[in-house]
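Asker: Sequence order for the protein chains is A and B.
Sequential numbering of the first sequence, starting at 111, is according to this note's numbering.
Sequential numbering of the second sequence, starting at 111, is according to this note's numbering.
Keep in mind that the hints were calculated from the coordinates and are not lab data.
Hints may be right or wrong, so weigh each one.
Since copy identity is lost for identical chains, a pair holds within one copy or between any two.
[Stated by the list, open to error] Below, simulated BS3-like cross-link-like pairs (lysine-lysine); rule was C-alpha separation at most 25 Å, straight line: (1) Lys146 <-> Lys113; (2) Lys223 <-> Lys119; (3) Lys113 <-> Lys194; (4) Lys113 <-> Lys169; (5) Lys119 <-> Lys165; (6) Lys212 <-> Lys169; (7) Lys194 <-> Lys146; (8) Lys223 <-> Lys194.
Number of protein chains: 2
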Amino acid sequence: MEKVNIAEKFDLFEEYWTPKIIGQLNGQDVKIAKVKGEFVWHDHANEDEMFLIIKGTLKLEFRDRTITLHQGEMLVIPKGIEHKPIAEEEVHLLLFEPTSTKHTGEIVHEMTKTDHDRI
Amino acid sequence: MEKVNIAEKFDLFEEYWTPKIIGQLNGQDVKIAKVKGEFVWHDHANEDEMFLIIKGTLKLEFRDRTITLHQGEMLVIPKGIEHKPIAEEEVHLLLFEPTSTKHTGEIVHEMTKTDHDRI
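Bound-form chain A, shown alone (with noise of 0.2 Å):
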């Protein structure tokens, strides 16, 4: 049992679209990802996802409204509805989703990673 400090997890990696994994409970993912630019649309069958916004402003767009949320707001995407999310800065985001999520979905694109290293 140890404790996590949240900016110091970020110090640890660069790269964009790639989420970590700063903890587990419940069968679930805390994760945190640093992200610049457009991410691809993707939705998650089964799995409801959470962001939370660190630092930056994140858009979201879906099929039917664009959603941007900025420092120190959430927002709950339930499983099945496709979001494309789009950073025109680099934003930190923490994520609360399954064990094992795939962040792009169904979706295989170069941007997927399919390990999510815990940091």
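For chain A, the structure is supplied; the task is to place chain B on it using the hints.
Answerer: Using the frame of chain A, we list chain B on its own:
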């Protein structure tokens, strides 16, 4: 699907040791709480619990050690581990735990709240 501003949610209530639900996903609750003073010794037999400190400093006493969490730090407490939170000054917490987790575990105490409001 609506975004949540965490600071605005903290402005909606004053009472201590009364977690409020601000999000739900995959059978888990995201809760916030204001705490000050000493809580009761308890554990959660079947649920891991996560604390993330939004503001202040929280001391978590365990039977074999004490872990002090500052703003921006988090800790996962595995199920079955007895703990006692102590906040010398007001602390704002974000909690992740399975829906319907009782915040005092199986201990029934005057501090026990069985209804966790969604705000």
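Asker: None of the hints should be skipped; say for each whether it holds.
Answerer: Consistency of the hints with the structure:
| no. | hint | verdict |
| --- | --- | --- |
| 1 | Lys146 <-> Lys113 | between (28 Å within a copy, 20 Å between copies) |
| 2 | Lys223 <-> Lys119 | within (19 Å within a copy, 34 Å between copies) |
| 3 | Lys113 <-> Lys194 | between (32 Å within a copy, 16 Å between copies) |
| 4 | Lys113 <-> Lys169 | between (30 Å within a copy, 12 Å between copies) |
| 5 | Lys119 <-> Lys165 | both (14 Å within a copy, 19 Å between copies) |
| 6 | Lys212 <-> Lys169 | within (20 Å within a copy, 35 Å between copies) |
| 7 | Lys194 <-> Lys146 | within (12 Å within a copy, 40 Å between copies) |
| 8 | Lys223 <-> Lys194 | within (16 Å within a copy, 39 Å between copies) |
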